[in-house]
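Chemist: Next come the chains, spelled out residue by residue.
There are 4 protein chains.
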Amino acid sequence: MAGSTLGTLLSVTTWGESHGKAIGVVIDGCPAGLPLTEQDIQIYLNRRRPGQSRFTTPRKENDAVEILSGVFGGRTTGTPISLMVRNTSQRSGDYSEIASYYRPGHADYTYDCKYGFRDYTGGGRSSGRETIGRVAAGAVAAKILSELQITVAAYTRSIGPVTIDYDRFDLSQMEQNAVNMPDPKAAVLAEAHLDLCRKNQDSCGGVVECVIKGLPAGIGEPCFEKLSANLAKAVCSIGAVKGFEIGDGFAAAGSLGSQNNDAFYMEETGAVAKKTNHAGGVLGGISDGSDLIFRAAFKPTPSISAPQQTVNKSGEDITVSVKGRHDPIIVPRAVVVVECMAALTVLDMLMVSMTSRLDRIKNFFR
Amino acid sequence: MAGSTLGTLLSVTTWGESHGKAIGVVIDGCPAGLPLTEQDIQIYLNRRRPGQSRFTTPRKENDAVEILSGVFGGRTTGTPISLMVRNTSQRSGDYSEIASYYRPGHADYTYDCKYGFRDYTGGGRSSGRETIGRVAAGAVAAKILSELQITVAAYTRSIGPVTIDYDRFDLSQMEQNAVNMPDPKAAVLAEAHLDLCRKNQDSCGGVVECVIKGLPAGIGEPCFEKLSANLAKAVCSIGAVKGFEIGDGFAAAGSLGSQNNDAFYMEETGAVAKKTNHAGGVLGGISDGSDLIFRAAFKPTPSISAPQQTVNKSGEDITVSVKGRHDPIIVPRAVVVVECMAALTVLDMLMVSMTSRLDRIKNFFR
Amino acid sequence: MAGSTLGTLLSVTTWGESHGKAIGVVIDGCPAGLPLTEQDIQIYLNRRRPGQSRFTTPRKENDAVEILSGVFGGRTTGTPISLMVRNTSQRSGDYSEIASYYRPGHADYTYDCKYGFRDYTGGGRSSGRETIGRVAAGAVAAKILSELQITVAAYTRSIGPVTIDYDRFDLSQMEQNAVNMPDPKAAVLAEAHLDLCRKNQDSCGGVVECVIKGLPAGIGEPCFEKLSANLAKAVCSIGAVKGFEIGDGFAAAGSLGSQNNDAFYMEETGAVAKKTNHAGGVLGGISDGSDLIFRAAFKPTPSISAPQQTVNKSGEDITVSVKGRHDPIIVPRAVVVVECMAALTVLDMLMVSMTSRLDRIKNFFR
Amino acid sequence: MAGSTLGTLLSVTTWGESHGKAIGVVIDGCPAGLPLTEQDIQIYLNRRRPGQSRFTTPRKENDAVEILSGVFGGRTTGTPISLMVRNTSQRSGDYSEIASYYRPGHADYTYDCKYGFRDYTGGGRSSGRETIGRVAAGAVAAKILSELQITVAAYTRSIGPVTIDYDRFDLSQMEQNAVNMPDPKAAVLAEAHLDLCRKNQDSCGGVVECVIKGLPAGIGEPCFEKLSANLAKAVCSIGAVKGFEIGDGFAAAGSLGSQNNDAFYMEETGAVAKKTNHAGGVLGGISDGSDLIFRAAFKPTPSISAPQQTVNKSGEDITVSVKGRHDPIIVPRAVVVVECMAALTVLDMLMVSMTSRLDRIKNFFR
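Taken in order, these protein sequences are the chains called G, V, L and B.
So the first sequence is numbered by the working numbering: it starts at 977 and just counts up by one.
So the second sequence is numbered by the working numbering: it starts at 977 and just counts up by one.
So the third sequence is numbered by the working numbering: it starts at 977 and just counts up by one.
So the fourth sequence is numbered by the working numbering: it starts at 977 and just counts up by one.
Simulated from the structure, these hints should not be mistaken for lab results.
Mixed in with the good hints there might be a few duds.
It does not matter which identical chain is used: a pair holds within one copy or between any two.
Computed list of lysine to aspartate or glutamate pairs in EDC-like fashion (alpha-carbon distance at most 20 Å, straight line) [what the hints assert, rightly or not]:
#: 1; residue 1: K997; residue 2: E1042
#: 2; residue 1: K1251; residue 2: D1293
#: 3; residue 1: K1338; residue 2: D1088
#: 4; residue 1: K1299; residue 2: E1037
This structure is a prediction, so every number in the text was calculated from the model and none was measured.
The shape of chain G in the complex, shown without the other chains:
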């Protein structure tokens, strides 16, 4: 329950603070025999790296990953894979002021309540840089899934009031714009909204959507360990997430059974399929063979330059303007984080699901 480990068979343990020496992750239980290079992981880290557009913090970090263990002769050995990214652009001086007060919308106050004191430099462990470990591990999980013909793809679904339509976009367009929206017209509107936020020293929120294709039916456990429940936890464990929904989600609450039920039918291939996918790919918490679709709601970046009221550690009401190098929106860089949390969750549960039938276990050991 110590908070930094996730997963049952594929277990991930992250560590590191925003302005410490390094950030890292240990992946344990990774199946042996996967070809793995630092470049495989770097590609994912580059997607979350700061400094890539006017909407991300100008902090410069290479975020170059080093594989410290678990790979031999270019393949995973089955033993723990330790990955590390050195922090190179720490500017602790920026944060000395923060030590004395609680930033609204941040974890400063709650960490102090929990631990008695905190690493106040750049948010310490509660910083968005903590997601480096998630992404590095998720890159490995995604590579394994791709070997199983399963793809995980996330993208920006909405920014402030600008939302794209699920049925209309082109995923290949996503990386053509600064907001990772796979719809060029919507991306232009979203960027305009963000420019307005920045002008007002403000920030805004948005929604990330994720689609998983190729997942076999039958993945997920009953009751507490539903695939959907574990995805909810994995996604809601990302710093700024305030909501999770799968399939029609909250819209299902306003729907009728006759609308929301997905009719089954036989495909010409003899496979069972569904005419619609209001369920988002799970029935009873177990994958049904359709695309798995879920969304995560991100709150606006809490660090804003506009003046805000708060209290200091001397118990005085004060007004502050949070300085530092912050993104006006979290969502575009969070896309890859959501994708990675999904990959880790799905792979772990897929591995667990291998033991659900005696006949298959018998075949496995024959």
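Dock chains V, L and B against the given chain G, drawing on the hints supplied.
Modeler: Relative to the frame of chain G, chains V, L and B by itself:
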């Protein structure tokens, strides 16, 4: 990871199928010394019991709980508390037809994919009766929380298009109507909507909201084991839940930082407080001392009498009308389930949080 | 960590006290499709049942098991299997005296320290009757292992000073005597030793040995989750166990590398084999394809009629003679408990080991 | 269950191979506020470092530890503590030959069976260097325990045929000799035995004993999570351990109840105490306030220069002489490893035990 156990220090294991001999739960790690009677638990079970209004299944079950272990001289001993409810109204005959096809919106197909076959009587393990174990355990957790001056209260927030306003309702009104809505006027509209659904052989969804008061600041772990993440998992593990949000949730995604950040201020008592609670009581996933507020979206009951298209196990497209004794809406009876999942989660994390500071551990063992 | 659950994929949760209403276990994660009847389990429970010889407590218990869930149409469904044995021969009156003092060698004092009070009737949760849940669950695990051609067999290796020789005995002889020793001559000597103990109002200890045949090489995880480490935990979690050793065990500490190393050689079949088995079937904590052999040391039954010194709850030094119905030795009835703990551990780790290679995972999902 | 993580509230994840870039550990759940420097940890690492006597491998390693996260302003923050030791003396060339055959007594064969291939340089993950992570983490646990007035001390109990007497030795003498035996006369004999082994190109085994003082009564969980069971697992997870015993251990199996039971009596201070300690400090698996005493049996170092028979990967019987830099005995350097595994286990269970009573939880949150 076997799916029917939840929790780290307070661990809950449920078992039982809709039409099996009994349903039960084992609570392990319950602190010793809590006065506990079957009546304490029965009160909660009665809140989810069927047959209480025209909107719940007419299946008659007493759902009388029996304490089989873990209580001695009227108090919990610290060892496992085994609770059992005998099923008395099984009518397996009702379900023989279901064995041969997959009900839309149900877990029939996914269980068959996962396990190779399934207990088809009444949904077996995927039935709503599985929540009896959750509620029986949650009653114990809620009693412990109340000894710590922490209260957990859930209620119907919306049914179909009818939603109540958080700031206007009166919780004491909740149990005055058949839909557990703490707003008499809204309840009348909701009941009208449900009557229409029933008339159309249809069903509808809704939203349950839950408020936890009295929770100290500092509960929850960083990173993967955030209080909010564990609540998301606990809530999304309930059968028909398709979404979870905390505080402003999805609305926060459309908000600005200047709106969404909750300003801190000093209370006259010298305590730190927040002027608003868009965060819903967690910052960085750790409780901030404000009310914890979250919502769960429930899909419409999948069992409807209206004709639906599906496939049978012979691989044929067929049209079915799901018979049996079903609720036209899940939400009113799910209110207590949400409350219980929240109580279990919060208590477990509160117990875990006792070890976060060395000075407090030293005091504890002095 | 709540103490009554064991296992990762095959998870077992036991509950119940010596003089409570019932004793039981929930097995979660049992693979679907195993034919299972109450008789399969009863055979194992009968092996640990009291009242079978003059060396076991005369307490009469049928220990009849009831399957409450998880089996449908005679086969396991993959969902939790709840098993219950009603206590029928409680005699709480016997134990009222014990409430006021701490029996030497028992857990009375430590339970009071931990929980503030205890169920003093028959030892409550710390009673040997707690092993009913272990045996009921182990019977299911053993049945699955037998489907995989893996057999687990334990027997009495020594009683007091009487020890049998591993290479000389005949397992089929084991159940021919009251002490479960597979060597008729040694059994006679052991029974004589026990008769002497009884005459002296005393008790004695012994050693149980267990052999697992047919286990494939490659089961067990590196580092903390070695197969040997998990067997050590499982075995040392049995009430009166004070030691565990695998292969040559403590004798290896007095050996030389040249003696203790097992030479590999090629069998005519082309398989790798070992000329000796000092290792006891594990190398680096992972099964090597040889027989797995381990031993458990049991202390003498702590309840003896001979007078002993202790203290009462008023803080006075007193002399007591422990009454009640107790075995003069634990070992013969513990044989099946050791066997069951081994079966549970081996099966769980075998299931976990299915995910150690990417190529095998790919084949599994092809 | 991925094998490299241990612990419930205090969770330790180790990583790294013998000849990889580095070895490390992540400690999660460490209470906040502990003063911690690299020197605190280095002292422990130096105790297991090679090259300190003629009985340890001449491989030169500084084993200098680096704290990468979790410490701020000289104190632990409550977030993960990442510790790393760079490997500096890798000589992969030494091991190229080993790639083609299976060393007797090593994990070469079992790793190949499990993973399909292995890192053959220096044993990879199955090397004794893996214990660096255990020791680094154990140093932190031991420091916390010392703040709670609990001390953990291990030492060499026997080497080959030379055994010391528990009641006669002087712990302060331990580090005065090359074999960590707290009895100067026995140490001389032990060294003579080792010299003989070396002369014969052979190796030998031994026993490590560990004593924990100051542990309060009431630590440990019932049933599967007994303190003794978790110690057994922790100790048996160390590479070369073949046996574990607590208190009188295997000797208890040959004892009588009247001898083995420890009589309780009242101390003048009003505390309950025991006249003897055959139990080794646990009753029912829960600490009884006496010294906790246990032993671990270590097999002889499997790497010996004397010729041995084995097979190669082409399936041929061959004779080998294992080269490389190896200790003729594992025990002296393993002493600190045993101590650290005990410290980690005891601290974790002590933290867990804080939640066993409702009255104490209420006091904690008052």
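Chemist: With identical chains treated as interchangeable, where does the CA-CA distance between K1251 and D1293 reach 20 Å or less: within a copy, between copies, both, or neither?
Modeler: between (58 Å within a copy, 12 Å between copies)
Chemist: With 20 Å as the alpha-carbon cut-off, assign the pair K1299 and E1037 to within, between, both or neither.
Modeler: Only inside one copy: K1299 and E1037 sit 19 Å apart there, 45 Å across copies, limit 20 Å.
Chemist: Classify it for me, K1338 with D1088: is the Cα-Cα distance of at most 20 Å met within a copy, between copies, both or neither?
Modeler: Between copies only: 19 Å across, 53 Å inside.
Chemist: Give the relationship of K997 and E1042 under a CA distance limit of 20 Å: within one copy only, between copies only, both, or neither.
Modeler: both (14 Å within a copy, 10 Å between copies)
In terms of the numbered hints stated before, the structure departs from none.
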